Amino acid sequence: MKEIRVSDQPRLGFRRVLRITADGIRYRLFRASVTVAVIAVAVAFLLNILSESLIKRAVARDTRDHIEQSRLVHSWTSRLGAPGTAETILNELANTAADDSRVEELTRMGGLGPDELVQFQRAAGQTIEYMDFFAGLDYARRRRLVHQAEGLAIFDRLAGDANFQKFVAILRETPSVRLTSTPDALREFLAQWPRIRIWTEHVQAGQAIAVARIAAGLNGRDLTQALAAADRDFGHVVREAGFALDEESARVVAGQARQILDQRTVEKSLEHRAPRQIIARYHDILPGDVTTALLWDFVSEPSRAAQYLKAMQAVGISGDQLQPDRVQSLARHWHEMNRMERAGRLTADMEGGWLGLGQRMAWLLLVSMLVCAIGISNAMLMTVTERFREIATLKCLGALDGTIMTMFVLESCMMGVVGGIAGGLLGALIGSSRMLVAFGPAFAGSIPLVDLAASMGVAILFGVVLAAVAAIYPSFRAARLAPMEAMRVQ
Amino acid sequence: MTHPHSSPSAADRRVIIRTVRLKKQYVMKDVVTEALRGVDVEIFSGEFISVMGPSGSGKSTFFNMIGALDSPSTGRVFIDEVDVAQLTAEELAYLRCQKIGYIFQSYDLIQYMTALENVTTPMAFGGVATDEARKRGMRLLDTVGLGDRWSHRPIEMSGGQQQRIAIARSLANEPSILLCDEPTANLDLNTGQEILDLLERLNQEEKVTIICATHDHRMMNICDRLMWVRDGQIERVARRNEVQVEVGTIDGE
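Residue numbers (the numbering used here), protein chains in the order written: chain E, 1 to 490; chain Y, 1 to 253.
Hints listed in this document are in silico derivations from the structure and should not be mistaken for laboratory results.
Keep in mind that a hint or two might mislead.
[As the list claims (entries may be wrong)] Derived, one-sided and incomplete: chain E residues facing chain Y with beta-carbon distance under 7 Å: (1) Glu240; (2) Ala244; (3) Glu301; (4) Thr393; (5) Met484.
[As the list claims (entries may be wrong)] Distance ranges between label pairs, derived from CB positions: (6) Val371(E) with Glu34(Y): 42 to 50 Å; (7) Thr385(E) with Gln25(Y): 18 to 26 Å; (8) Phe14(E) with Val82(Y): 46 to 54 Å; (9) Val371(E) with Ser106(Y): 19 to 27 Å; (10) Asn378(E) with Glu34(Y): 47 to 55 Å; (11) Ser106(Y) with Leu29(E): 53 to 61 Å; (12) Val20(Y) with Asn378(E): 41 to 49 Å; (13) Ser55(Y) with Thr385(E): 41 to 49 Å; (14) Leu429(E) with Gln25(Y): 52 to 60 Å; (15) Ser368(E) with Asp131(Y): 46 to 54 Å; (16) Leu449(E) with Thr88(Y): 20 to 28 Å.
[Stated by the list, open to error] Computed footprint of chain Y on chain E, listed as stretches where at least three residues anywhere in the stretch have a Cβ under 8 Å from a Cβ of chain Y: (17) 17 to 27; (18) 148 to 159.
Here the structure is a predicted model, which means the values were calculated and not measured.
We put the beta carbon where it would ideally sit given N, CA and C, even for glycine.
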């Protein structure tokens, strides 16, 4: 007969534990799949929000660049049309790198030396900073601090010594208002203010002269028409006047200007009856209901474009360079711009904060994560408690507490991985398809795949960790109980 | 006349299980149930003991206590002169795995394991290599007459078959003590007799100490001593030859 000798129990190999766990899951497949579903839904929700905001952010970035690029004519028209205000000049200086041709242009127009430019640019930065501070105040506070002054006039007012003393006194009484720097720094800045004013005025004066020269060089054209020749004679006029327009951007601007002119020509044809009627007949609507959108839809097909061009010539609108394929490309461009603007509008609500979620969305995400965590914990808690009897049996057979804990935490992890992957794929899929539907399939290229994959990894990890953590406590409790106590819990 | 507590065989009188003023209370809200009210027993190594008593008498609690499955409220349990309360969790696991075999009333097989896996699981806990465990498991299944059903799961077997798997499992690590809670209750006469023969053989040849809760009269033919439990106390302990005489009144109820 065997001696009874008490010693330590050997540990069960990890692979064996893994097999027992896997067998257990397979046996309770339905129960396990419900738990997996809970985890999957939680992770899917998380990833849905994440992927949507990621895509939205990427689309916003792409469209912003694109729209900016396609609006070169607009920005040149305003640059050549009138001198900038003091605020726009300061803003531009503050936000442009020192080696940009734009800065050089401003320097030239203001007749500033290189040292002055460096000081001017630093001062511009400070000005914008203080302006943001004053713009952020509500009306009552601002009125108390600087009376009715607004914009740059605030600095004019504060430059007066009495006003500044009053300002500092009131500021000291109002602890809720925090100046971005110290009052001393502000005083130092204000000491410079008259110089800044003068510099700005110099630049403005220079710009006014340049604008006058441009106006003289227009020869009866409007600015857009003139810009269409930016890569030819008008380019010289612009450069002569002192603006920084290099060959490369001149070509781009000219191309865009021509596009705008052609577009205008085509759209102008809608003022005539006959072309309008062609479109109305095609869409089966009243001629009065024809819009530019319908026009561009109509001419996006080659044969219809040719037909429309003929009708345009019949009413006396002749575009010499207007060919059917040109009209078609105009239509494509129009549609693309339309899409971009739509995407721009849809992403206009992108707030700052974490991942561009904005405060409300981030809060929602946090709450939903909490709900998910509780859901997963509950599912795991149920799984462990309903198996107390099995745990008791295993303990009777000599299982170590650690083995039992490992079994359950492992089971949780496995379910977490499966649920996490399923939920991650589902969430990413739903999120990206929803965004694609909203922005149109043309934006498929904007989907940030790497970010998406990374967030998927994070979400899966979240599911696994949550499931594992949720299983630790109940299985720890069950493993620590004496076998018969565990059975009695039932 | 010999004292009822003394062992029948004078050659081996080593005490393997000893309880000292063993008490167990179950507290549920305000109601205190006294399942055991001071039990002192000595069980000798190699003995075959039948425990009888009506349901609710504290039989199962007594079993759990001497099997180191539950902790007493007061009092002590010594298994081979080792106080169970002093053992660490790992030592307890070792004790349950290597030294004691359990056969429960409700079989308590692991539902998702095959018959063979059920039998080899305690061996795995005991550190037996997989191949060796398989071989021994098959031999044990053959012993209980279910060698051909090794790949079946408990749910595919009858109650009697499950009972026999449970018996095979309890013998997995060649325990010194076998605790059986009505091992023949769900079996037909023939199988029941086979199981009894098996237990008797284990007791005779391997000198396994067997403690059996039972209502089966046949058990009395093979056991060394009988204990009657009533109201959480050992009412009476008797050697078999003393009981045989009064065979008409042995029910103890």
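message: I'd like to know which numbered hints this structure contradicts. Please list them from smallest to largest.
response: Hints 1, 2, 3, 8, 9, 10, 11, 13, 16, 18 are the ones this structure does not satisfy, whereas the remaining hints hold.
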